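Throw the hints in and build the complete structure from the sequences for me.
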Amino acid sequence: MRRSAALRTLIAVASVSLLAACSSSGGGSGSNTTANSAGSSAAGGTSSATLDVKELTVLAPVTPTQPMEFWTSLVKPWESQTGVHVKIIGPASDGNMNEALTTEVSAGRTPDVVIDASYSKALQPELATFDDDSWAANTPMVDNFKVDGHIYQVNIGVQPQSIVFYNKKAFADAGITTMPKDLAEFTAAMAKIKSAGYLPLQTAGDGWVSGAQFQAMANPSLFRQDPHWFADRNAKKVTFAGSAYQTFFQAWKDWIANGYIDKTAVGLKYQAGEANFLAGKSGMYVMGAWFVPDAVKAGKASQFGAFPVPTLNGGSYPPPVEATQANGYMVLKDGHVDAAKQLVKYLTTNTTAIRSALQAGGNFRPGLDYKMSPLAAAVQQIMNAAPGFVPPAEGYGDNLPPDGFDTELYKEVETVYSSGTAQSITSDLDNWWNAQS
Amino acid sequence: MTAPAFALQALLLVVPLIIAVRLSFTDWTGLSTHFDSVGAKNYRKLLEDPTVREAAQVTALIAIIGTVVCNGAGLFFALLLQKATRINKLVRAAIFYPQVLAPLVIGFVWAAFLGPGGVVSNVMQSAHMSPLPFLSDQHWAVGTTIFVIVWSTFGVNVVLYLAGLQTVPPDLLEAARIDGAGPVQTFRHVVLPMLAPIVTLNVVLVLVSLLRTYDLVVSLTGGGPAGSTQTVAYLILNVAFRNNELGYGAAQAVVLAAVTGVLAVLIILVRRRAEARVEA
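The listed protein sequences correspond, in order, to chains A and B.
With numbering that gives the first Met the number 0, letter number 125 in the first sequence gets 124, and the count goes up by one each step, no holes.
With numbering that gives the first Met the number 0, letter number 59 in the second sequence gets 58, and the count goes up by one each step, no holes.
Read the hints as simulated data drawn from the structure, not as lab findings.
Please note that a few of the clues may not be correct.
What the hints assert, rightly or not - No more than 25 Å apart at the CA atoms, straight line, and that leaves these computed lysine-lysine pairs for DSS-like:
#: 1; chain 1: A; residue 1: Lys120; chain 2: B; residue 2: Lys44
#: 2; chain 1: A; residue 1: Lys252; chain 2: A; residue 2: Lys145
#: 3; chain 1: A; residue 1: Lys252; chain 2: A; residue 2: Lys280
#: 4; chain 1: A; residue 1: Lys262; chain 2: A; residue 2: Lys167
#: 5; chain 1: A; residue 1: Lys120; chain 2: B; residue 2: Lys40
#: 6; chain 1: A; residue 1: Lys193; chain 2: A; residue 2: Lys120
#: 7; chain 1: A; residue 1: Lys299; chain 2: A; residue 2: Lys370
#: 8; chain 1: A; residue 1: Lys235; chain 2: B; residue 2: Lys44
To be verified - Heads up, incomplete: computed chain A residues facing chain B, CB under 8 Å, no partners named:
#: 9; residue: Glu98
#: 10; residue: Leu100
#: 11; residue: Ser105
#: 12; residue: Ala121
#: 13; residue: Val146
#: 14; residue: Asp147
#: 15; residue: Asp205
#: 16; residue: Thr263
#: 17; residue: Gly403
#: 18; residue: Thr406
#: 19; residue: Glu413
Being a predicted model, the structure only gives us computed values, none of them experimental.
No residue lacks a Cβ here, since even glycine has one placed at the ideal position from N, Cα and C.
Here is the structure:
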């Protein structure tokens, strides 16, 4: 049903405040986009469309590596060329961009552009497509993110997530000279690292770390078996039981039993887990490429190397890389679509802007180098050698699981540390998925 | 005179509640300007959702144990710290101190104390003891969460009970003493009945507050391990928002608000009867 803007805003604010009644988290900053007739040439290279807008609002992931100053300086050249002010707003609470977008939209402050929100069926009706924008076809992972052939999102780069970072000293002390390629070799390496006095694999809890690490290890093998695994699970053609997940869950369980993973790690915060690895207490750490800037910042990047996650025993190596977008841009169709697209075009095709964003976030773009640390170069090499990209648990493109699958998976992974077995967990995941349809 | 207060109350509480009830019968995603009525689907889903059931159990456990312990400890410390000596004043301030800290901060601090590799675990290891899984075992984590909640909450109960104790007439206590009543009898038959309204207030305040536990769970456990410390409020805010199920979230919020309201009213009614018996 259609609501008037005022009533909608009242409803949204009131309901959000009721839902949030138990928390102390606040709302985001407001948007006050206004249109006028001050046209100017669009930046970004090819278009000369007139922009009849004075201000665009961009909901951006304001993080320690990409702070507010980064975003404002990133858009400054485009602002100078077009005369359009770009207002950057950050997430109000914990940095989750989907929650931030929901908060903004439900409070009647729909931004023109959102960066790094995840596509969902709920979001799709609100999005403009880039189907008619020829430049969009050349952006990274564009085919991975297509939904029914439509482009709803364009990316600056790629964020590889299935990387095994290793402690060079621990490997040297353990006498490991060849990087493990499959689960059997990985397990053997863990035994040597443990004998050398290190915790073989650094994990943590915090509601997501172990889950993210598990999917980073398992998803490349899962999707190598079937590149459309999530879509096929939706069509009930495959099940978790008997899949690569079951093998990896069993391996994880065995690693905990053998002391290769700390059985109390689920009580550890993400920062504490990473601090342990940076302090040289553990041998390996499965993490996304965002670990690289952390290691560089700690002045310890040279102490670590990187290699791809292991495959199932006998699987061809290297496996595809579990990766997602690095600064993926979506344009909201209720906003100033033309101007917003011009801004997105500039940010995703202008080499200077791209390099700046990649460098700040520690991300990558095939075919585009920037001055990077040896550790970052190792990650880029892994990405370049990979036979393709596979999605994380939240999925993307046509490989989209039911909403909340990542949360459910993370929860189930944490049961591996206690009573959960590979069989019971995969069965639980199948039951959960079936209950969503 | 009460009209402005009533209007404010209506605006901030009644109107959002009515709107939430309306939204709870829709499929609103929070991202759309359109939503359709789905009847009682969200409520049916809520009844069948095992995650909600688990969160309700955790919330009930926190609320029941927390209410009993906060009030027991609050009354105990109030009696202990009744005399206004210098040390007692210091201890009162120390007990009340967590009230001035944000629950998020409290959660992070206790996580640093009790988490693996935290202060307590290091001390135990240096004493050649096995560290306890305060936050890494599902059952322990629930216990730890309740402990931290009680630690951070009961200071306000102490203050309220202390205030209540000031209202007990000294001549009543003197009369009881002359009649030969010992300390336990005096407490049971004189002090406690006089504190009845304060007990009611404390029970309702703590219960309502604990049924809405959210912030501390976020920072202490993140709802884990394996979702074992997810409360209903945590579920509403983390899952409904993240999954764009605001209609469903509204249904959960309405049920939580209704349960909280009903429990508060029931407790007040029961306590009033008890108070009436005392007065008689």
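Checked hints:
Taking the CA atoms of A/Lys120 and B/Lys44, the gap is near 19 Å; set against the 25 Å cutoff, the hint holds. Distance check on the hinted pair: A/Lys252 and A/Lys145 sit about 36 Å apart at the alpha-carbon level, beyond 25 Å; violated. The hinted pair formed by A/Lys252 and A/Lys280 meets the criterion: a straight-line CA distance of about 21 Å does not exceed 25 Å. Among the hinted pairs, A/Lys262 with A/Lys167 is consistent with the structure: their alpha-carbon atoms are about 24 Å apart, no more than 25 Å.
Distance restraint check for A/Lys120 and B/Lys40: the Cα-Cα separation of roughly 19 Å lies within the 25 Å cut-off, and the hinted pair is therefore satisfied. Distance check on the hinted pair: A/Lys193 and A/Lys120 sit about 45 Å apart at the alpha-carbon level, beyond 25 Å; violated. Straight-line distance between C-alpha atoms of A/Lys299 and A/Lys370 comes to about 17 Å, which keeps the hinted pair within the 25 Å bound. A C-alpha spacing of about 22 Å is found between A/Lys235 and B/Lys44, which places the hinted pair at or below 25 Å, so the restraint holds.
Interface restraint check for A/Glu98: the shortest CB-CB distance to chain B comes to about 5 Å, inside 8 Å, so the restraint holds. For A/Leu100, the suggested interface contact is upheld, since its CB lies about 7 Å from the closest CB of chain B, less than 8 Å. The beta carbon of A/Ser105 comes within 4 Å of a beta carbon in chain B, closer than 8 Å, and the hint placing it at the interface holds. Because the closest C-beta pair between A/Ala121 and chain B is about 4 Å apart, less than 8 Å, the hint holds.
Here the hint on A/Val146 is broken, as its CB sits about 16 Å from the closest CB of chain B, past 8 Å. For A/Asp147, the suggested interface contact is broken, since its CB lies about 19 Å from the closest CB of chain B, more than 8 Å. Taken as an interface hint, A/Asp205 checks out: its beta carbon lies about 5 Å from the nearest beta carbon of chain B, inside 8 Å. For A/Thr263, the interface hint holds, since its Cβ comes within 8 Å of a Cβ in chain B; the closest pair sits about 4 Å apart.
Interface hint at A/Gly403: satisfied, since its Cβ lies 5 Å from the closest Cβ of chain B, which is below the 8 Å cut-off. About 7 Å separates the beta-carbon of A/Thr406 from the nearest beta-carbon of chain B, less than 8 Å, and the hint is met. At about 4 Å, the closest approach between the beta carbon of A/Glu413 and any beta carbon in chain B falls short of 8 Å, and the interface hint on this residue holds.
Hint compliance for this structure: hints 2, 6, 13 and 14 are not met, and every other hint is.
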